[in-house]
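**Student:** Just need the whole structure built from these sequences, with the hints factored in.
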Amino acid sequence: MRVILNVDAIQPPLTGIGHYALQLARGLRRHPAISDLRFFSAYRWLADPEQALHANQALSQIRNRVPFKTLALHLYSFTRSQLFRWQTRKLDGSVLHTPNYILMPFPGAAVTTVHDLSYLHYPQHHPRERIAFMERQMPRTLAQAAMIITDSDFVRQELIDLLGVAAHRVQTVPLGVEDSFYPRPPAELTPALTRYGLANLPYLLVVATLEPRKNLLHLVEAYSRLPATLRQHHPLAIAGARGWLIGELERRLEPLERTGQIRRLGYILQEDLPLIYAGAHAFAFP
Numbered sequence: 001m002r003v004i005l006n007v008d009a010i011q012p013p014l015t016g017i018g019h020y021a022l023q024l025a026r027g028l029r030r031h032p033a034i035s036d037l038r039f040f041s042a043y044r045w046l047a048d049p050e051q052a053l054h055a056n057q058a059l060s061q062i063r064n065r066v067p068f069k070t071l072a073l074h075l076y077s078f079t080r081s082q083l084f085r086w087q088t089r090k091l092d093g094s095v096l097h098t099p100n101y102i103l104m105p106f107p108g109a110a111v112t113t114v115h116d117l118s119y120l121h122y123p124q125h126h127p128r129e130r131i132a133f134m135e136r137q138m139p140r141t142l143a144q145a146a147m148i149i150t151d152s153d154f155v156r157q158e159l160i161d162l163l164g165v166a167a168h169r170v171q172t173v174p175l176g177v178e179d180s181f182y183p184r185p186p187a188e189l190t191p192a193l194t195r196y197g198l199a200n201l202p203y204l205l206v207v208a209t210l211e212p213r214k215n216l217l218h219l220v221e222a223y224s225r226l227p228a229t230l231r232q233h234h235p236l237a238i239a240g241a242r243g244w245l246i247g248e249l250e251r252r253l254e255p256l257e258r259t260g261q262i263r264r265l266g267y268i269l270q271e272d273l274p275l276i277y278a279g280a281h282a283f284a285f286p
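According to the working numbering, the sequence shown is numbered sequentially starting from 1.
The reader is advised that the hints may include incorrect statements.
Said to hold, decoys possible - Below, computed lysine to any residue pairings styled on SDA-like, alpha-carbon distance capped at 25 Å:
{"no.": "1", "residue 1": "K90", "residue 2": "M147"}
{"no.": "2", "residue 1": "K90", "residue 2": "G164"}
{"no.": "3", "residue 1": "K90", "residue 2": "L28"}
{"no.": "4", "residue 1": "K90", "residue 2": "R80"}
{"no.": "5", "residue 1": "K90", "residue 2": "H31"}
{"no.": "6", "residue 1": "K90", "residue 2": "L46"}
What the hints assert, rightly or not - Computed beta-carbon distance windows for the label pairs:
{"no.": "7", "residue 1": "E254", "residue 2": "A166", "range": "45 to 55 Å"}
{"no.": "8", "residue 1": "R264", "residue 2": "Y182", "range": "24 to 34 Å"}
{"no.": "9", "residue 1": "R184", "residue 2": "A143", "range": "44 to 54 Å"}
{"no.": "10", "residue 1": "R136", "residue 2": "T172", "range": "25 to 35 Å"}
{"no.": "11", "residue 1": "F181", "residue 2": "R264", "range": "37 to 47 Å"}
{"no.": "12", "residue 1": "P139", "residue 2": "T229", "range": "48 to 58 Å"}
{"no.": "13", "residue 1": "G16", "residue 2": "L163", "range": "18 to 28 Å"}
{"no.": "14", "residue 1": "S81", "residue 2": "R184", "range": "39 to 49 Å"}
If you're looking for bench data, these hints aren't it; they were derived computationally from the structure. Built from N, CA and C at the ideal position, the CB exists for glycine as well.
**Tutor:** Below you can see the structure in the form of structure tokens.
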């Protein structure tokens, strides 16, 4: 089998879909049934998926500095799609996989991964430009895809019920676990936990970018209703980079932070993240 993997999502700092794409790329390289594996990102071929972490850094910085404007996104998507169409015109015998929703035009079979439909259910939690982009591109992607992968049966059923995708074209592939995530002895955890101010604390952990669609505000509201003694003994550790539109969340966090009941850890380096998980007393999934 010959596979083309779109690795646009592998951008620093890595978050959920970026990790998914990187681990998928590493796994596909080891798969015995794949005779030819190519990586494409933005406008070029990459020899190695790890290169995307550096090659996409400039693109990530530009996106952080330039407002997310509909016209700019449309022009970028159009230009990239036309370039990809030209570069893959003789590769129709390959399978294209995009692990981040939107497929580019491709003459051969194509697979996409749809992680959720939050842009439909909670449009108020996304930038307007993103909603416009998804509403324009998702119908085309769903029509183009020979197969659609979802992380859960719930999202699979939503695609069938809400968007009319034929059931035989949607397959649930549950997420895997990276080898570095496993229980560890306390002595191994102490250095990392000390760096993040979590040593000897039975903390609750949530890992998410600080933005509205992660539902952190409701988590903090629920946590704040716990008895004060319980909150003092079990602080809530929030691991994740700052996102957008978090003014209300920060107002709720500040008084709980002052008393040590909430610990904002910021973005956790990949080498530390398995240790932070292993040291947690419990996890929150809002």
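**Student:** Would you mind marking each hint as holding or not holding in the structure?
**Tutor:** Against the structure, the hints:
Our distance criterion of 25 Å between C-alpha atoms is met by K90 and M147, whose separation comes to about 21 Å. The suggested pairing of K90 with G164 is violated, with an alpha-carbon distance near 32 Å, which exceeds 25 Å. Distance restraint check for K90 and L28: the Cα-Cα separation of roughly 22 Å lies within the 25 Å cut-off, and the hinted pair is therefore satisfied. At roughly 17 Å between alpha-carbon atoms, K90 and R80 fall within 25 Å of each other, so this suggested pair holds.
The suggested pairing of K90 with H31 holds, with an alpha-carbon distance near 24 Å, which does not exceed 25 Å. With a CA separation close to 18 Å, the supplied pair K90 and L46 stays within the 25 Å bound. A hinted range of 45 to 55 Å holds for the C-beta pair E254 and A166, which are about 49 Å apart. At roughly 26 Å, the beta carbons of R264 and Y182 sit within the given window of 24 to 34 Å.
At about 47 Å, the beta-carbon gap between R184 and A143 stays in the expected band of 44 to 54 Å. For the hinted restraint 25 to 35 Å between R136 and T172, the CB-CB distance of approximately 26 Å keeps it satisfied. At about 22 Å, the beta-carbon gap between F181 and R264 misses the expected band of 37 to 47 Å. Between P139 and T229, the C-beta spacing of about 53 Å keeps the proposed range 48 to 58 Å intact.
Remark: the range hint 18 to 28 Å for G16 to L163 is upheld by a beta-carbon distance near 22 Å. A C-beta distance of roughly 45 Å is found between S81 and R184, which places it inside the suggested range of 39 to 49 Å.
In this structure, the earlier hints numbered 2, 11 are contradicted, and the remaining ones agree with it.
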